[in-house]
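Enquirer: From first to last, the protein sequence lines are chains A and B.
All residue numbers for the first sequence refer to the numbering used here, where the first residue is 228 and numbers rise by one.
All residue numbers for the second sequence refer to the numbering used here, where the first residue is 3 and numbers rise by one.
It should be emphasised that the hints constitute simulated quantities derived from the structure, not laboratory data.
A portion of the hints provided could be inaccurate.
Claimed, not checked - Among chain B residues calculated to face chain A with C-beta under 10 Å, some are:
1. ILE164
2. LEU217
3. LEU285
4. GLY302
5. ILE305
In this text the structure is predicted, and so the values were computed from the model without any measurement.
The beta carbon of each residue, even a glycine, is placed where N, CA and C say it ideally should be.
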Amino acid sequence: MRKIIALFAILLVFSCSQEKQSVTRIEGKRININDSIAADQNIEAFIKPFRERIEEDMNKVLSYAPKDMHKNDGELESTIGNLMADLIKSQSEPIYKKRTGKSIDICLLNHGGIRAPIPKGPIKTQTAFNVMPFENSIVVVELTTENVRNLIDYLASAKRAHPISGLTLKVDQDFTVKEALINGKPIEEGKTYTVVTSDYLQNGGDRMNFFKDPVSLEILDYKIRNAMIDYFKGVDTIPAVLDNRFIQQ
Amino acid sequence: MKRRDFIQQSLAASTFVTLGGLSLQSFTASSAKKHITILHTNDVHSHIDPFDASHPRNPNQGGAARRATLIESIRKENPNTLVLDAGDIFQGTPYFNYYGGELEFKLMSMMKYDLATIGNHDFDNGVDGLAAQLPHANFEFVSANYDFTNTSMEGHVKPYKIFVKDGIKIGVFGLGIKLDGLVDKRMYKETVYNDPMESAQDMSRILKEEEKCDLVICLSHLGYHYSKHPERISDLIIAKETQNIDLIIGGHTHTFLPKPTIEKNSKGESVLVNQVGAYGIYLGRIDFYFDDEKNVIANGKSIIV
Numbered sequence: 228m229r230k231i232i233a234l235f236a237i238l239l240v241f242s243c244s245q246e247k248q249s250v251t252r253i254e255g256k257r258i259n260i261n262d263s264i265a266a267d268q269n270i271e272a273f274i275k276p277f278r279e280r281i282e283e284d285m286n287k288v289l290s291y292a293p294k295d296m297h298k299n300d301g302e303l304e305s306t307i308g309n310l311m312a313d314l315i316k317s318q319s320e321p322i323y324k325k326r327t328g329k330s331i332d333i334c335l336l337n338h339g340g341i342r343a344p345i346p347k348g349p350i351k352t353q354t355a356f357n358v359m360p361f362e363n364s365i366v367v368v369e370l371t372t373e374n375v376r377n378l379i380d381y382l383a384s385a386k387r388a389h390p391i392s393g394l395t396l397k398v399d400q401d402f403t404v405k406e407a408l409i410n411g412k413p414i415e416e417g418k419t420y421t422v423v424t425s426d427y428l429q430n431g432g433d434r435m436n437f438f439k440d441p442v443s444l445e446i447l448d449y450k451i452r453n454a455m456i457d458y459f460k461g462v463d464t465i466p467a468v469l470d471n472r473f474i475q476q
Numbered sequence: 003m004k005r006r007d008f009i010q011q012s013l014a015a016s017t018f019v020t021l022g023g024l025s026l027q028s029f030t031a032s033s034a035k036k037h038i039t040i041l042h043t044n045d046v047h048s049h050i051d052p053f054d055a056s057h058p059r060n061p062n063q064g065g066a067a068r069r070a071t072l073i074e075s076i077r078k079e080n081p082n083t084l085v086l087d088a089g090d091i092f093q094g095t096p097y098f099n100y101y102g103g104e105l106e107f108k109l110m111s112m113m114k115y116d117l118a119t120i121g122n123h124d125f126d127n128g129v130d131g132l133a134a135q136l137p138h139a140n141f142e143f144v145s146a147n148y149d150f151t152n153t154s155m156e157g158h159v160k161p162y163k164i165f166v167k168d169g170i171k172i173g174v175f176g177l178g179i180k181l182d183g184l185v186d187k188r189m190y191k192e193t194v195y196n197d198p199m200e201s202a203q204d205m206s207r208i209l210k211e212e213e214k215c216d217l218v219i220c221l222s223h224l225g226y227h228y229s230k231h232p233e234r235i236s237d238l239i240i241a242k243e244t245q246n247i248d249l250i251i252g253g254h255t256h257t258f259l260p261k262p263t264i265e266k267n268s269k270g271e272s273v274l275v276n277q278v279g280a281y282g283i284y285l286g287r288i289d290f291y292f293d294d295e296k297n298v299i300a301n302g303k304s305i306i307v
């Protein structure tokens, strides 16, 4: 009898191992990764040279900010916005001119694209990464006067300090455009104007649809952040000014 | 042959006691024959170093070297472990800006990640920038609804991958988010986005019925759920409108789920949906215990979260 039971048991085990497996129990949770877990020393040692190279670069002092600059320190303009629009225009101008023979009339960026303020004091590489963490790249579009007017209407109805350069705007209490000058001159019908902006905005970001079908498009292969770093390297103290380029009267 | 599911939700797994009385007493982890552990991350976004102690929201949280320790200790506990990532490995710290994703892939390889899917930010240096980093990855990529034909990623991404651990067949397929409007066309180039619901239905059928997988896992970068656009395709919709998927590991929406969500699929069976926020602050852990099918039919299945 015992033999039979033993045989039966063996057969049972054997047949079980052939049985299809199915999920009987599931347990799910998350585990917090914090300083209670020791760092793996191999991984840590592997990261170290990469980290040190970045830190060395990030801590390099490139220029100096005379005061705190942030994107809401004016009404329809800001010190940091003016700086950004002016530097993108000036850094892009020689590249665009060399490639096309044309000059850049206007720069337009977006208020939301300024991701951090520039604090008073030394400007480091890290500052450029804080202000512009994205990989956005510079493009120049040529627009019809109709689309330039759409651009101006957009700015007037947005009522925000979108960074501009080369363009001065006056709106009344109802945000109706009273005066729009490009490099100090009124807009000429039938002429095209060149606008430098980011690839993100040119592709319809922030609903800037007037950029979508330009007369011409030039991709500079120049990242906004790199333009900032190059600019900072060339100036001792950056300008932090409001100059009434976009005002309500 | 409808299986019974016993679901007990509690924050601490240790509070699990019994699942419906004495008849199930013998039916616990010790009697289960096989055990598969799935570990997962999503939206790590190049967060290799832990957040500073002074960080306002996440002080001392995360860190790749700590994650490596944790994964290794779980692997020691259960060698039948898979480590998966649901995309957006790239972009978020200067490590990406400087090295283009090289370090992210190298570290994931050192941690022995098994598989990843592709997030929208993984296109941030273009489809070519992603392809350029592939030599640094010892793990593979899956996406069932991105077609990379005529791009530099062609031939490098499979719709699914099957792993066999302790005789258990685990099929994992990937799903990616709509690129148009989210990623610059100049970045994703000729990559084609196909309907993720159709892909999910095809994949779950192929993996369950043709490949006879014991476990089907969807690695998704679609997003957990869109409360302002509830009709938009998401992990919860995939869970509800498909069958044969056991687990959906998600990303994109940076949803910090305190515990996995249990949804009912189109056949009324339970599907787990999990997402662990972002930046490598959490590691998701799902343990599957197996037994002979007849025992499971007789005694049911329990889910403890």
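Enquirer: Against this structure, judge whether each hint is valid.
Expert: Verification of the supplied hints:
1. ILE164: Cβ of ILE164/B sits 15 Å from chain A, so the hint is violated.
2. LEU217: holds, 7 Å
3. LEU285: Interface hint status for LEU285/B: holds (5 Å vs cutoff 10 Å).
4. GLY302: Constraint on GLY302/B satisfied, holds at 8 Å.
5. ILE305: holds, 5 Å
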